[in-house]
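Asker: If you want the building blocks of each chain, they are given just below.
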Amino acid sequence: MRGLPSWIARRLLLGVAQTAAVVLLVFALTEALPGDAAVALAGDQPDPERIAAIREALHLDRPAHERLLEWAGGLAHGDFGTSLASGRPVSTYITGGFGPTLLLASLTVVLLVPAGVGLGVLAARHEGRFVDRFVSSVTLGVYAVPEFAFGVLLTTVFALRLGWLPPTAVGYGTDLPAHPAALVLPVLVLLSRPVCSLARLVRAGMIDALASPYVAQARRYGVPGARVRYGHALPNAITPAAQQLARTIDWLLCGVIVVEALYVIPGLGTVLMNAVAERDVPVVQGLAVVFGVTTVALNLGADLVARRFAPRSEVAA
Amino acid sequence: MNSPQTPLVDSRFPGLRRRGFLAGAAAMAGLGALAVTGCAGSGTAGTAGEGDGKPRRGGRLRAAFAGGGASETLDPHLANLFADVARAKALFDKLADYGADLSARPRLASAWEPNAGLDRWKVTLREAAFHDGRPVTAEDVLYSYRRIADPGKAFRAKASLEPIDLAASRALDPRTVEFVLKRPTAEFPNVLAAFGAYIVPRGHQDFDGEPVGSGPFRFVSFAPGRSAVLRRNEDYWDGAPYLDEVEFVVANEESARINALLGGQVEYAHELNPATARAHEGKGHIEIVRLRNSVMQSFAMKTDRPPFDDKRVREAFFLIADREELVDGALSGTGEIGNDLFGKGYEYYAAHLPQRAQDLDRAKALLRQAGAERLKVTLDTSPVAAGFTEAAAIFRDQAAKAGVTVEIRTSSKDSYWKDILDSGTLCSYRSGAMPIEAHISQRLLTGSTTNATKWRHKDFDALYQQAQSTKDKQERAAVYERMQRRLYAEGGFLVWGFADWIIGTARTVRGVAAEAPANSLDWARFDKVWLA
Numbered sequence: 001m002r003g004l005p006s007w008i009a010r011r012l013l014l015g016v017a018q019t020a021a022v023v024l025l026v027f028a029l030t031e032a033l034p035g036d037a038a039v040a041l042a043g044d045q046p047d048p049e050r051i052a053a054i055r056e057a058l059h060l061d062r063p064a065h066e067r068l069l070e071w072a073g074g075l076a077h078g079d080f081g082t083s084l085a086s087g088r089p090v091s092t093y094i095t096g097g098f099g100p101t102l103l104l105a106s107l108t109v110v111l112l113v114p115a116g117v118g119l120g121v122l123a124a125r126h127e128g129r130f131v132d133r134f135v136s137s138v139t140l141g142v143y144a145v146p147e148f149a150f151g152v153l154l155t156t157v158f159a160l161r162l163g164w165l166p167p168t169a170v171g172y173g174t175d176l177p178a179h180p181a182a183l184v185l186p187v188l189v190l191l192s193r194p195v196c197s198l199a200r201l202v203r204a205g206m207i208d209a210l211a212s213p214y215v216a217q218a219r220r221y222g223v224p225g226a227r228v229r230y231g232h233a234l235p236n237a238i239t240p241a242a243q244q245l246a247r248t249i250d251w252l253l254c255g256v257i258v259v260e261a262l263y264v265i266p267g268l269g270t271v272l273m274n275a276v277a278e279r280d281v282p283v284v285q286g287l288a289v290v291f292g293v294t295t296v297a298l299n300l301g302a303d304l305v306a307r308r309f310a311p312r313s314e315v316a317a
Numbered sequence: 001m002n003s004p005q006t007p008l009v010d011s012r013f014p015g016l017r018r019r020g021f022l023a024g025a026a027a028m029a030g031l032g033a034l035a036v037t038g039c040a041g042s043g044t045a046g047t048a049g050e051g052d053g054k055p056r057r058g059g060r061l062r063a064a065f066a067g068g069g070a071s072e073t074l075d076p077h078l079a080n081l082f083a084d085v086a087r088a089k090a091l092f093d094k095l096a097d098y099g100a101d102l103s104a105r106p107r108l109a110s111a112w113e114p115n116a117g118l119d120r121w122k123v124t125l126r127e128a129a130f131h132d133g134r135p136v137t138a139e140d141v142l143y144s145y146r147r148i149a150d151p152g153k154a155f156r157a158k159a160s161l162e163p164i165d166l167a168a169s170r171a172l173d174p175r176t177v178e179f180v181l182k183r184p185t186a187e188f189p190n191v192l193a194a195f196g197a198y199i200v201p202r203g204h205q206d207f208d209g210e211p212v213g214s215g216p217f218r219f220v221s222f223a224p225g226r227s228a229v230l231r232r233n234e235d236y237w238d239g240a241p242y243l244d245e246v247e248f249v250v251a252n253e254e255s256a257r258i259n260a261l262l263g264g265q266v267e268y269a270h271e272l273n274p275a276t277a278r279a280h281e282g283k284g285h286i287e288i289v290r291l292r293n294s295v296m297q298s299f300a301m302k303t304d305r306p307p308f309d310d311k312r313v314r315e316a317f318f319l320i321a322d323r324e325e326l327v328d329g330a331l332s333g334t335g336e337i338g339n340d341l342f343g344k345g346y347e348y349y350a351a352h353l354p355q356r357a358q359d360l361d362r363a364k365a366l367l368r369q370a371g372a373e374r375l376k377v378t379l380d381t382s383p384v385a386a387g388f389t390e391a392a393a394i395f396r397d398q399a400a401k402a403g404v405t406v407e408i409r410t411s412s413k414d415s416y417w418k419d420i421l422d423s424g425t426l427c428s429y430r431s432g433a434m435p436i437e438a439h440i441s442q443r444l445l446t447g448s449t450t451n452a453t454k455w456r457h458k459d460f461d462a463l464y465q466q467a468q469s470t471k472d473k474q475e476r477a478a479v480y481e482r483m484q485r486r487l488y489a490e491g492g493f494l495v496w497g498f499a500d501w502i503i504g505t506a507r508t509v510r511g512v513a514a515e516a517p518a519n520s521l522d523w524a525r526f527d528k529v530w531l532a
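If you read the protein sequences in the order shown, they are chains A and B. All residue numbers for the first sequence refer to my numbering, where the first residue is 1 and numbers rise by one. All residue numbers for the second sequence refer to my numbering, where the first residue is 1 and numbers rise by one.
Since the hints were made in silico from the structure, they are not lab data. On a predicted model such as this, the values are computed, not experimentally measured, just so you know. Mixed in with the good hints, there may be bad ones.
Said to hold, decoys possible - Partner residues are not named here, just some residues of chain B that face chain A (Cβ under 7 Å, in silico):
1) Ala-159
2) Gly-225
3) Arg-226
4) Glu-253
5) Ser-412
6) Thr-449
Stated by the list, open to error - Here are the simulated lysine to any residue pairs, SDA-like style, with alpha carbons at most 25 Å apart:
7) B:Lys-413 x A:Phe-27
8) B:Lys-153 x A:Ala-64
9) B:Lys-413 x A:His-59
A virtual CB, placed ideally from N, CA and C, is assigned to each residue, including glycine.
Please take these sequences and the hints and turn them into a complete structure.
Answerer: Okay, here's the thing in structure tokens:
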């Protein structure tokens with residue numbers, strides 16, 4: 001593990017650059033959208049005088065680069081700026097939305113790993129037989145269903161027809177842990193697709209590893225089957241899976257937007273959607289930073305895991 | 001989507017479940033009859049079903065609205081969305097508000113009296129108190145209006161209060177305000193009822209922290225984009241609400257609102273789709289309330305530019321529209337056809353003008369006369385409002401039958417209203433309920449700030465001024481009728497329909513007014529609602 005600190009430093013530096021690039025891109029794209037916060041706020045009463053007044057009040061009449069610089073300057077000492085739509089600090093938006101999203105994402109990941117790995121190992125052990133074919137076709141099938149459709153389906157069956165679970169988390173706000181039943185359906189929807197991709201990846205990795213010379217060697221030495229599978233083959237299968245997992249968490253943030261809308265969970269996805277609709281650039285920017293940093297940190301973590309489990313594969317930065 | 005059987009039987013005949021199969025079969029036989037009563041009830045929600053009669057006190061009603069997420073505020077002067085207005089209405093009062101026909105009804109103002117010139121109005125306040133016990137005074141009224149009119153701010157009601165000379169207006173005594181107006185304004189009470197013109201106590205207050213109003217409910221808690229809990233104000237001047245508490249929750253997705261209602265998580269779901277309403281109407285799970293005449297649906301033609309600067313082309317377009325087909329197709333039948341005039345059923349509406357119907361031959365002849373055969377126009381539309389894109393596609397097909405090629409251009413949702421204000425020639429347009437006078441002053445005068453049809457006629461402006469300086473109501477109605485005749489003959493709004501506003505309630509909810517277009521007093525009004 002020589003050079004690990006410098007490797008991490010390189011990765012972090014790259015991460016900062018990536019985050020900055022994302023923020024710039026998001027800023028440019030939001031600027032390129034038709035209309036600004038003043039227009040969005042004016043809604044169906046686009047009285048030009050009112051729009052001009054809002055624009056002036058929000059300092060939107062200043063050039064884009066000035067606004068960006070001011071915002072970036074504030075960011076340097078931890079100030080995310082204030083929302084154009086409400087005048088509240090952006091940090092309250094982020095902290096407010098972070099809890100529910102984090103809860104959903106972590107519950108999903110916690111369940112995702114055993115479910116995905118378990119299904120993958122199960123399928124790999126029964127390669128080519130019924131169990132494998134069953135797991136493979138079900139995972140492929142579920143993977144093909146978009147979250148929104150899957151969510152509507154689950155809600156209709158389990159919440160409205162059978163009445164087992166609440167159909168939404170409306171009104172629970174951030175107090176979600178007090179209403180665990182309301183989390184079941186959202187987490188199921190979030191799990192549906194990543195479990196499938198993870199299981200298929202683990203299955204493929206396990207099959208490769210089980211067929212590899214070192215596993216054959218271990219078997220010749222008489223190492224018990226379970227130890228071969230979990231001690232020798234699985235770590236090699238996990239390497240690609242860990243990286244997939246990191247990517248999945250990025251993806252979860254997108255999935256979360258759909259799930260949050262469907263189940264009325266006031267997380268970051270909801271905040272982002274509203275902020276884009278309102279052209280609330282500081283909020284969009286703040287979220288871009290949060291998402292960027294999360295993504296960079298997760299990928300760094302995944303690469304560290306990969307180095308730990310399969311040092312020979314020497315994941316490049 | 002839902003099984004219409006078991007829960008229906010359960011709730012209608014609680015005793016039946018235990019009696020088993022035979023009783024179940026009898027209930028099934030009664031299903032048809034129940035569906036009928038369900039339908040009939042939907043017209044006058046609150047009287048349907050069992051358990052009605054005397055209002056009952058108690059309970060918490062949860063109401064789901066589409067909202068503005070984390071940017072929401074309880075500042076009533078910032079109210080922009082229906083959710084904001086519903087919350088503002090529960091916490092605050094206006095001096096006046098609109099009845100079902102959009103005429104101003106006294107609220108905090110108990111009376112108003114103009115001078116002979118109609119440019120000085122003496123408004124008397126009723127005895128009412130803010131939640132902290134202070135009486136509502138003339139100074140509070142002036143403070144509120146001055147806050148709204150603050151030139152440095154952009155509160156929505158600012159344009160509506162424009163006729164008032166606030167510097168010259170004053171409090172004659174604690175309960176009398178004398179408003180001095182910049183010009184004669186016969187419909188001044190409409191200004192008092194304007195969208196967002198709420199009365200707040202004078203002095204700075206933290207609206208998100210602990211808003212103080214004079215409304216039927218007191219503040220308990222608020223989390224922007226999530227929930228606002230309000231408690232009954234026992235001392236409300238209009239009688240304490242029946243409900244102990246009302247909670248406003250926010251669910252932007254229509255499917256989430258209806259699911260929450262069906263799943264018993266909320267008792268009131270605002271703004272449902274026609275398709276949803278059809279699926280659940282008369283099934284016994286929930287009540288569907290249709291607020292007639294809530295949304296005017298139209299196409300706006302820019303009358304200052306070709307091809308619509310020729311009134312024959314405008315008339316041809318009026319005749320191209322098959323209104324029944326538009327209402328059936330774009331609004332799923334949940335509405336009424338329009339007659340190219342705003343405000344069907346409202347005060348001063350010119351109801352006896354003949355209903356316009358499709359007449360393609362006459363339309364073609366008019367286009368020929370105008371030299372506009374093989375006309376091509378671009379229709380701007382956007383998914384910004386229910387039915388817009390559908391109506392555009394239907395109208396395109398109707399126009400094709402008259403030899404007019406309509407090309408549909410779909411634009412961004414968030415900037416649509418600004419985009420169509422000055423650019424393009426033909427666009428989808430809708431409007432919420434407001435008095436006909438307000439529709440004219442905001443959209444059809446030379447100086448109107450949101451004049452989407454670019455209707456600018458000095459003689460029309462003069463008629464409006466005449467109406468505003470006519471004290472006698474009959475005479476005023478005659479002037480409004482003249483203006484509407486003109487718009488009917490050659491105006492820029494092709495008003496093809498009036499959409500219902502659809503609300504779903506749990507079957508226990510009573511007292512939801514059905515005769516209340518969105519934006520009027522009884523719409524989203526929870527102090528007269530009770531849980532049976």
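Asker: Quick check: which numbered hints come out false for this structure?
Answerer: Failing hints: none at all.
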